[in-house]
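A.B. asks: Residue numbers (our numbering), protein chains in the order written: chain D, 18 to 322; chain L, 17 to 316; chain H, 148 to 479.
Note that these hints are calculated values from the structure, not bench results.
Ideal Cβ placement from N, Cα and C applies to all residues, glycine included.
Treat the hints with care, since some could be wrong.
Calculated cross-link-like contacts (lysine to aspartate or glutamate; reagent style DMTMM-like; alpha-carbon spacing at most 25 Å) [as the list claims (entries may be wrong)]:
1. H:Lys-211 - H:Asp-178
2. H:Lys-286 - H:Asp-259
3. H:Lys-211 - D:Glu-231
4. H:Lys-270 - H:Glu-285
5. L:Lys-275 - L:Asp-73
6. L:Lys-145 - L:Glu-207
7. D:Lys-24 - L:Asp-147
8. H:Lys-234 - D:Glu-231
9. H:Lys-211 - D:Asp-219
10. H:Lys-211 - H:Glu-190
11. H:Lys-211 - H:Glu-328
12. H:Lys-208 - D:Asp-214
13. H:Lys-208 - D:Asp-309
14. H:Lys-270 - D:Glu-231
15. H:Lys-286 - H:Glu-328
16. L:Lys-145 - D:Glu-231
17. H:Lys-454 - H:Asp-413
18. H:Lys-234 - H:Glu-351
19. H:Lys-234 - D:Asp-219
20. H:Lys-417 - H:Asp-362
21. H:Lys-454 - H:Asp-178
22. H:Lys-454 - H:Glu-431
23. H:Lys-454 - H:Asp-161
24. H:Lys-211 - H:Glu-433
25. H:Lys-270 - H:Glu-282
26. H:Lys-286 - H:Glu-190
27. H:Lys-211 - H:Asp-259
28. H:Lys-470 - H:Glu-456
29. H:Lys-470 - H:Asp-176
30. H:Lys-208 - D:Asp-145
31. H:Lys-211 - D:Asp-214
32. H:Lys-208 - D:Glu-280
33. L:Lys-275 - D:Glu-280
34. H:Lys-454 - H:Glu-190
35. H:Lys-286 - H:Glu-246
36. H:Lys-270 - H:Glu-320
37. H:Lys-286 - H:Glu-320
Just so you have them, the derived chain H footprint on chain D, three or more residues with Cβ under 8 Å [claimed, not checked]:
38. 209 to 221
39. 226 to 239
40. 305 to 318
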Amino acid sequence: MLQFILKRLGLALLVAFTVSFISFSLLFLSGDPAAALAGETASGEDIEALRRLYGFDRPMLVQYGEWLFSALQGDFGESYYFRLPVASLIADRLSVTMTLGVCGIVFALLTAVPLGVVAAIRPNSIIDRVALFISVAGQAMPSFWFGLILIVVFAIQLGWLPPSGTDTWRHFILPTIVLGYYAMPAIMRLTRAGMLDVLNSDYIRTARAKGANERRVLFRHALRNAIIPVVSLAAVQMGFMLGGSIVVESIFALHGAGYLAWESIARNDLPTVQALILIFSMFYIVFTFLADVLNAWLDPRMRSS
Amino acid sequence: MITAGTHDSLLDEITGPTPGQMLRKRVFGHQGLLIGAIVLVILTIIAILAPWIAPHDPYAQSLMTRMEPPVFLGGDWEHPLGTDHLGRDYLSRLIYGARISLLIGAVAALISGVIGTAMGVAAGYFGGKVDAVVTFLINVRLAMPVVLVALAVVAILGGSLQVVIGVLGLLLWDRFAVVMRASTMQVRRREYVAAAQVIGASTPRILLSEIMPNIANNLIVVVTLEMAHAILLEAALSFLGLGVQPPTPSWGLMVSEGKNMMLFEPWLVLIPGAVLFVLVLAINLMGDGLRDVTAPENRS
Amino acid sequence: MTEPLLSVRNLRLDIPTGSGTLHAVRGIDFDLNRGETLCIVGESGSGKSLTSLALMGLLGKSIKRNADRMTFDGTELTTASQGQMRKLRGARMAMIFQEPMTSLNPAYTIGDQLAEALLLHRKVSRQQARDRAIELLEKVGITAAESRLSQYPHQLSGGLRQRVMIAMALMCEPELIIADEPTTALDVTIQAQILRLLHDLGREMNMAVILITHDLGVVARVADKVAVMYAGELVETGPVADIFNAPSHPYTRGLLRCIPLPGKTDRGAKLGTIPGIVPSLVGEVEGCVFRTRCPHAVAECRGEIPKREDGSHAFRCIFPDGKRHSEKELTV
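Next comes chain D alone, as it looks inside the complex (with noise of 0.2 Å):
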């Protein structure tokens, strides 16, 4: 097991190299970032000034090499617009995504496993097909459009929820579940496959011929089952919405990283866009190990291979 753990770390972090490296080649194609510093008025010697100051003349490979031996130790540099070190700035605003995050994940996982559930008990009935309905229009639905119809409806006609920013509990509620709806049609599609599947099986007759109510059979002995992949999926989508979490987080000017991201990327704030496009790689990283891990876990079968 230890191996295997060894082996897919060092994996990650060689992909994690590699997305660092694309992306700061990918931003070093701005041209100027001496021109971006230097802000809109400043004259051709100014940015000479500056490129020499801040090292932008030196090959890129030399550039990327400095800067991925300070981020190591934790030192993303300082922000263009902010002038603030780019690694406080994402701590600060990283709670806000993290709790968005876990939210959505969690509000995706209490709908759509109990729909697929159902779902499956009753296939081709009238609530299989609603769950069937609600995968497809999740999927279709833009995340933008139907944060904007949430606030329209709920916040502006209705007046129950607040609109924007993040002072207390209620104002994570309407973007959870603009972030969570996405995630929803997958885990119930997977989770009523899974049951369906799981439902057919021998040990499921067993258990019946054991005399196990109905209850038992689908939650002990099925869904235990079932749920595996679902975990797995969790894990992932949760590697997923950070990139989701930009748009949401600027419609409801929630002050998170995604939304940092979108103002760094207008501001052409590349210390700060560089750092974010690392951290972001790294959290899907993390999310997908740790949804290998868990399969392992859930499944005694993976554990002894």
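Take the given structure of chain D and dock chains L and H to it, following the hints.
C.D. replies: Here is chains L and H on its own, set in the frame of chain D:
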């Protein structure tokens, strides 16, 4: 006594319905596939015929007729869906917006399809080091926050139709690669491939005549899924201001433009989002339907 | 005479299909006494498994079950509630299935699953359940029983898993155990061991056993009673000696000709076959269901077929001894 009529039905009994007949039966029996395909065709026709259907020029501004309401809220038929904040006819912009979405979706899916399929088939067929490299690249691509990277690149290179299509095309190839790799690996093990190799068929020939036809059905399904994906992504990018730039009538951009006035003129936000939803839904239904029809055992 | 433990009269199972109703089981009767071993014999598709599932109440919702009587120790199973059936299943009536490889839950240990069989029905402590599990694992011939408790099903071979299934069925000391082709999926060498085990345990615990099989050699070894099933009907029932020494129904005789029986089959003699295939059971079945393959069939076989009984040996045939003697035309 055997007549012509009985002869036909006797033949049918012996030979059974042809694969073509079965496929046609399945296609027309599948509601989702039909609905999705019909809606998509309608929208495509609208997009192609835009210059003839649209009542006005979508770019023509007119400060005097700004913010007129749609017909069902008190406006007149000159502008059936009202006008936006710059006096441009909303319906016309909506119709031309279909062009943008469909164009971006189709071309981005095409580009990413070519890239991903080439990578996936190579990995699945040749295995070994090729497979290792491709798998690594897929993992790298999956780890990248797509929205973030797309936004960043568009910000650097400037927002235009070509840049958006290019970025999406170069980013969305992962599912193609994964699915085509898996399908190729499956097909590769089949005996007719070994037979072709034994008689000395060249690799390109094997790929074209043995492998491709058998993974084509999966390819079609992924094409529809990624097309929908590309359309939604472009809309999100344009909504955030870092996709297609004004005055181009992208539906996502229209939602963004209407956002500030959404309290008083909600249709500015509702309508373009709704058509986006309908288009993506149609494509998804078609994709699901195609998957069911070409491989019913995959039906969930 | 004491009441039989299990008494079935006129059990019918119907499955609605797209092209009509499939009459999978049509009016079977049998009795089973305590401690007796009944072997139900028949080819695939004869309805043997469905019958056993019907007794346990484990049929799918789409299958319609009807019987004049189906009593287990006085309880009428056809009218029993779900709750009553659950109390019986696993505690007083147990069942083991054909596929040991997939009949155990892969997510739980052997110990957990064995304990569950007991804890569902008796208020005992976990430790007591564990102890009983170890006791039964040893009884079914599994060595190092205690260490097995923490193992998972995928760590055991097919033969071991089937033994675990037997142990699991015995946890509550049931009065009846139904074994549906328990050894078909196992190695030939293991088959004999498992069957002997079942037989011995049945004797030792005074347990009635219904063994479903298509293997007549097995039947000869372990059965007290035999019931021969063909296409959803019991064509012949009786004590094992009668069935082997005086088989009366043409199908039974056909089956016996298909296998070499020591003492009865001559060296170098050809083994028999039964030509033809099982008829479709969709829609009404006219007369004797075996007439399409029976070498003795006559026109009357399409009508009402009488049941002939001689003590506990019974069979259904138009002819009193199951053979046609005069020269009537062969029609089906």
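A.B. asks: Does each hint fit the structure? Answer for all of them.
C.D. replies: Each hint, compared with the structure:
no.	hint	result
1	H:Lys-211 - H:Asp-178	holds (22 Å)
2	H:Lys-286 - H:Asp-259	holds (18 Å)
3	H:Lys-211 - D:Glu-231	holds (20 Å)
4	H:Lys-270 - H:Glu-285	holds (23 Å)
5	L:Lys-275 - L:Asp-73	holds (23 Å)
6	L:Lys-145 - L:Glu-207	holds (24 Å)
7	D:Lys-24 - L:Asp-147	holds (18 Å)
8	H:Lys-234 - D:Glu-231	holds (13 Å)
9	H:Lys-211 - D:Asp-219	holds (21 Å)
10	H:Lys-211 - H:Glu-190	holds (22 Å)
11	H:Lys-211 - H:Glu-328	holds (24 Å)
12	H:Lys-208 - D:Asp-214	holds (17 Å)
13	H:Lys-208 - D:Asp-309	violated (38 Å)
14	H:Lys-270 - D:Glu-231	holds (20 Å)
15	H:Lys-286 - H:Glu-328	holds (21 Å)
16	L:Lys-145 - D:Glu-231	violated (50 Å)
17	H:Lys-454 - H:Asp-413	violated (33 Å)
18	H:Lys-234 - H:Glu-351	holds (24 Å)
19	H:Lys-234 - D:Asp-219	holds (21 Å)
20	H:Lys-417 - H:Asp-362	holds (19 Å)
21	H:Lys-454 - H:Asp-178	holds (16 Å)
22	H:Lys-454 - H:Glu-431	holds (20 Å)
23	H:Lys-454 - H:Asp-161	holds (22 Å)
24	H:Lys-211 - H:Glu-433	holds (21 Å)
25	H:Lys-270 - H:Glu-282	holds (18 Å)
26	H:Lys-286 - H:Glu-190	violated (32 Å)
27	H:Lys-211 - H:Asp-259	violated (34 Å)
28	H:Lys-470 - H:Glu-456	holds (16 Å)
29	H:Lys-470 - H:Asp-176	holds (23 Å)
30	H:Lys-208 - D:Asp-145	holds (18 Å)
31	H:Lys-211 - D:Asp-214	holds (24 Å)
32	H:Lys-208 - D:Glu-280	violated (59 Å)
33	L:Lys-275 - D:Glu-280	holds (18 Å)
34	H:Lys-454 - H:Glu-190	holds (22 Å)
35	H:Lys-286 - H:Glu-246	holds (21 Å)
36	H:Lys-270 - H:Glu-320	holds (15 Å)
37	H:Lys-286 - H:Glu-320	holds (13 Å)
38	209 to 221	holds (count 3)
39	226 to 239	holds (count 6)
40	305 to 318	holds (count 4)
In terms of the numbered hints stated before, the structure departs from hints 13, 16, 17, 26, 27, 32, listed from lowest to highest.
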